[in-house]
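Q: Residue-level listing of the chains:
Number of protein chains: 2
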Amino acid sequence: MKNWTEYARGYGLRAKGASRQLALVSTDEKNRWLESAAAELRRQAAALIAENAQDVAAGPSYGLNAAAIDRLTLNEKRIEGIASALEEVAALPDPIGEIIDQQSRPNGLEVARIRVPLGVVFFIYESRPNVTADAAAICVKSGNAVILRGGKEALYSNLALYRLLSRTLADCGLPKDAVQLVDTTDRDAVGAFLKLKEFIDVTIPRGGKTLIERVAAEATMPVIKHFDGVCHVYVDRTADLAMAERILINSKCQRPGVCNAAESVLVHRDIAAEFLRSAGPALEKAGVQVRGDGRVRELVAAAKPATEQDYRTEYLDLILSARVVDSLQQAIDHINEYGSHHTDAIVTQDDESARAFVAAVDSSAVMINASTRFNDGGELGLGAEIGISTDKFHARGPCGLRELTSYKYIVEGNGQVRQ
Amino acid sequence: MKNWTEYARGYGLRAKGASRQLALVSTDEKNRWLESAAAELRRQAAALIAENAQDVAAGPSYGLNAAAIDRLTLNEKRIEGIASALEEVAALPDPIGEIIDQQSRPNGLEVARIRVPLGVVFFIYESRPNVTADAAAICVKSGNAVILRGGKEALYSNLALYRLLSRTLADCGLPKDAVQLVDTTDRDAVGAFLKLKEFIDVTIPRGGKTLIERVAAEATMPVIKHFDGVCHVYVDRTADLAMAERILINSKCQRPGVCNAAESVLVHRDIAAEFLRSAGPALEKAGVQVRGDGRVRELVAAAKPATEQDYRTEYLDLILSARVVDSLQQAIDHINEYGSHHTDAIVTQDDESARAFVAAVDSSAVMINASTRFNDGGELGLGAEIGISTDKFHARGPCGLRELTSYKYIVEGNGQVRQ
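Quick mapping for you: the protein sequence lines, in order, are chains F and R.
So in the numbering used here, the last spot in the first sequence is 658, and the numbers never skip.
So in the numbering used here, the last spot in the second sequence is 658, and the numbers never skip.
Think of the hints as simulated: they come from the structure by calculation, not from any bench.
Careful, some of the hints might be misleading.
Claimed, not checked - Result set (DSSO-like, lysine-lysine): computed pairs, CA atoms no more than 27 Å apart in a straight line: (1) F:Lys-448 <-> F:Lys-391; (2) F:Lys-434 <-> R:Lys-436; (3) F:Lys-436 <-> R:Lys-448; (4) R:Lys-448 <-> F:Lys-434; (5) R:Lys-255 <-> F:Lys-448; (6) R:Lys-434 <-> F:Lys-448.
Keep in mind it's a predicted model, so treat the numbers as computed, not measured.
Between the sequences and the hints, there should be enough to build the whole structure, so can you do that?
A: This is the structure:
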C-alpha cells in the first residue's frame, strides 16, 4: 500500500503555497487566466475528445449505463459549453477585496471587514468532466487553490483538463498549483486528504449520499454539503389549484434525478378532494407513481400506500409521497420532521400563510408559489455554483464565489492604545 | 457511571424544541426578557451573593489563587455590571429577520436572503460567573437556545444565575429551556454533548488551550474557537518610533493575560538600534522580560536569548519575544509562519507598507498604527462578544450576535416553473 499520508501532504503543501500567492492576485489576472483557458480548451478540443474517448470506452467496464456514458462523453459542443462557462465566471464580480462593512469608532479607529479567500478547497465529485473545469474556475476566481478529486470513470478526461488548466495558469503568471488533480482514484487516498486540516480549509463533496456521509464522518476540516433533498410542495387551503398542479408537476418531473426535485406533496384537507382529483391523473399521465396516506388513496385511485419511510425518502425518480394535512401548522411540522432542510414550497394566495410558512420551515430555500427546482445558483443569481449546503454554518443554499470566502478585520489608527 | 448520552440528549431535545419557538419570537419579546432579567438580578442580588459565597469558600480547595478567587467573587457592584450588560444587549439591533440582500430575477422571482438563528449553541467556559449571563443574553437575543457548561469553581453561582434566567424566560412567555445549564461538572458529560450534532448547531469553547483542543478534537458539530493568540507588533522602517513604543507597551502590558495581548515584536533592521535603545529600557521598566535574537540582544542589554519555540509561544505574561527583520516581507513571512492568525499590528508611516502588510498577513484582525488589544467585540463595534474566532469558516475575529446567525433563501413567485 502506498503511503497516502505523504502523498496527500504533498498536494496540501503545494496548494497552501499557491493559495498564499493567489490571495494577492488581481481580478484582471484571474480573468485573463479564465479567458486563456477557455481559448485553449477550444484549440485543444480534438485532443481532449481523444483522451475522453478512453474513458468512454472503459465506461461499460465500470458498469455505466448508456445515460451515464452519454453524460461522460465530450464532443465539440460540450467543450464549447465548458469554455463558455469559464468565460461566464470571468464575467462575474470578484468577491475578493470587497469591503463588507466599515465604520469609524469614537476613538478614531477605522474598522473594515474585507472579504478574503478561504484558502484551499478539496473538491470531491463524480463523473461529468465539465465539473472539473467549473470547479477550478469558481475556486480560482474566489482566490482559492483547489485540489480536485474526480471519479475514476472520468480519469483520462480529468487529467487532460487539469493539465490544460495548470499549464494556462503558469502561462498567465499564476501559481500552477492553484489547480491540482488527485491522480489516483484509490479510495484510501481520499481518507488521507480528509485528515489534512492544516492545509485544507474546506472540503466539498458532491455525489451520492454514501460518499457524502463518508466525507462528513472522516473530514477533520469544515465540509460544505447536503446529504439529500427531500423537498416538499405544500398546497395550502387558499392555493390557486391550477398553479399548484403546474408547480407540483414541474417540481417533481422537470428533472427527477436532482436534489431540488420534489419528493413529497402535502395537501390541505379543505382542497384535497378538488386538487387531487385533477393532480392525481396529471401525475399519472406524467408517469409518476403516488404513494399516499389513506385520505390520498381515497382520492387518487392509482396511489399505493405510503409507509413512514416513504416520507423520509429521496426517490430521485418518478415517485411521489403524498399526505393530506389538517392545517398549515401540520404541514410545517411534517416538513421540519421528515424533510432534509433543502427546498420546500408553499402554494397559497394567503399572505399570512406564506409568511408563517417561510418563517417556520427550517430549510435552505423556501419557495412561495414557485417550483422547488429554482434552488440553484444560476436561478437565484449567484452565477455559478459549486454545491448546495443544507447546513446553517458558514453557507446555506447554493454556494458560489462568495460562499468560498472569509473576511478579515482591518483596523486603521494613528497611534490609538487601549485605556 | 451515569449514562451521559441520555443525559445530554435530554438537554439537546429541550434546547431544540426551545430554539424552534425562539426563532419565531419578536425583538420586543426578547428585549422584554433581557430587561426583566436585569431587574430581577438587582432584586435578587443578596441571594445571588449568598450562593456565590459557597463557590468563593470552596475556591482554595480547587487550587484557586487570590486573583482567581477575586474574579469569581460577586458583590453588589458586579451584579449591577451583569444587569447592565443584559440591558446593553437589549439595546443592540436584532439581527434576526434582517434582509441581507434581495433581487428580482428576469423571470419575476423575488429572491431574498433573510437572517435566521443558527439554532442551538453549546457554550463551554471557565470560572467567571458574569459570563453565564452574558452568553445567555447574546444567544437568546440572536434567537438561539443555549446549553451552558461553566466551570466547577462557579457551579453554585451559575446554578443560581441559570435559575433566575430560566424563570424570567418563562415569566416573559419565552421557552424556559432557551437557557439551560449543565448541572454536572463531570468531564465525561462534555464528551456526550460533543456527539450531539443532531441537536447542537455550534459549540463555543472558551478557556485554556487544552480545553479548546479537546473540544475541537471531539466535537462532531462546528466549533467557533481560537487556540491561542500569538500576536505581533511589527515596527516598520518608516514607523513613528514614539508611537511604536506606545503601541508595543500597550499591546504587551495593558492586560498581559488575554488572547489579544502581543507576544512578539518584530523590528525592521534600519530602525532597530534607535527603536530598541528606547523601547528596551521602557519594556524593562514595565516589568517585561525580552527574549531576543542576537541582533536584539546587542541592543537590549537585559534581553535573554530566544529559542525557536519562544516565537511560537503565547506567554500570557510579561514576557516578549523579539526579532530584528531585514524587510517587511520577512516580517510578514514570520507572522504567517509563527503566529496564530489572531491579531497582528504594523506601525508605519508608509501607506504602501501598510497595504502590503494587511493584504498578506493572514489573521483575523490586522491593525495599522493601533494596539493589538483592540481586537475585541466591544472595541470593534459588535456591542457584545461571545468569543473570538481564528478560523476562516463562518465567523472570523470577534463573534457577537450576527456571528450566531445563518440565513435562508426566500423566493417568492406567482406560479413560475423551471423550463
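Q: Starting from Lys-448 of chain R, check that the Cα of Lys-434 of chain F is at most 27 Å away, please.
A: Holds, at roughly 21 Å.
Q: Given the hinted pair Lys-434 of chain R and Lys-448 of chain F, is their Cα-Cα distance within 27 Å?
A: 21 Å, holds
Q: Under the criterion that the straight-line Cα-Cα distance not exceed 27 Å, is the pair Lys-448 of chain F, Lys-391 of chain F satisfied?
A: 18 Å, holds
Q: Does the structure keep Lys-436 of chain F and Lys-448 of chain R at a Cα separation of 27 Å or less?
A: The given pair, whose Cα atoms are some 18 Å apart, holds under the 27 Å limit.
Q: Measure nothing beyond the straight line between the CA atoms of Lys-434 of chain F and Lys-436 of chain R; if it is 27 Å or shorter, mark the hint as holding.
A: Satisfied, since the Cα-Cα distance of roughly 20 Å is no more than 27 Å.
Q: Given the hinted pair Lys-255 of chain R and Lys-448 of chain F, is their alpha-carbon gap at most 27 Å?
A: At roughly 25 Å apart (the allowed maximum being 27 Å), Lys-448 of chain F and Lys-255 of chain R satisfy the hint.
Comparing the model with each numbered hint stated earlier shows that all of them hold.
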